[in-house]
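Protein chains in written order, with the working numbering: chain A, 1 to 110; chain B, 1 to 110.
What the hints contain is simulated information worked out from the structure, not anything from laboratory work.
Bear in mind that the values here come from a model prediction, so they are computed numbers and not experimental data.
None of the hints are false.
Which copy is meant is left open, so a pair is good if it fits within one copy or across any two.
No farther apart than 25 angstroms at their CA atoms in a straight line, the calculated lysine-lysine pairs in the DSS-like style are these: (1) 69 / 9; (2) 69 / 59; (3) 9 / 59.
2 protein chains.
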Amino acid sequence: MSSPLFVDKSDCSMHTIFPGVTVSTAAGNEMMLSYVELEPNAEVELHSHPHEQVGMVIKGSARFIVGEKEQVLTPGRMYVIPGNVEHRVIALEDGCEALDIFHPIREEYL
Amino acid sequence: MSSPLFVDKSDCSMHTIFPGVTVSTAAGNEMMLSYVELEPNAEVELHSHPHEQVGMVIKGSARFIVGEKEQVLTPGRMYVIPGNVEHRVIALEDGCEALDIFHPIREEYL
Chain A
1 MSSPLFVDKS DCSMHTIFPG VTVSTAAGNE MMLSYVELEP NAEVELHSHP HEQVGMVIKG
61 SARFIVGEKE QVLTPGRMYV IPGNVEHRVI ALEDGCEALD IFHPIREEYL
Chain B
1 MSSPLFVDKS DCSMHTIFPG VTVSTAAGNE MMLSYVELEP NAEVELHSHP HEQVGMVIKG
61 SARFIVGEKE QVLTPGRMYV IPGNVEHRVI ALEDGCEALD IFHPIREEYL
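The following block holds chain A by itself, in its conformation from the complex (with noise of 0.2 angstroms):
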């Protein structure tokens, strides 16, 4: 394995997932951190995924909704994600960046 220790945002793996949201991923061996940025008013459209996701909002803030579950998180607010639970995320107006986590690694995110 020769993940870097130190990895700066520059360093990472870029997607754009949807319009106005991208992703710059980093991975080890059984994690990968991944740090979102949306857009204002941007959409992570509802999806799901086998792997569990945790994170942090950053910046900004977004409207998550997970399962049955919505709130409007903000800075230092966190999340827990189990594996295969829909989910969508809609930036407010001020944009929103946060970091997410996946188990086990995203591959399509390498």
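Based on the hints, put chain B in the right spot on chain A.
Positioned in the frame of chain A, the structure of chain B alone reads:
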């Protein structure tokens, strides 16, 4: 598993792990979020654990010593610490806050 989907730091389990170093933790099934706060110049002493650890500095700055590598990390800088690699973290004079994620769960911090 009844972990809440949305987690505030005030909902977390809190532990003082070294003088001036507290962690606020929340667990999913496979990963644990740990919001760590270091007072100015506080130190997470040299240690290791079998768990993989990834994370990002949120506020302030700290010197991270991981295996043979050393770097001062500031907000937005991420790190990937493989299991069983010795590491040590020393906050600079502005203190430091970081979000750590562990896999698997660190049972001692539930």
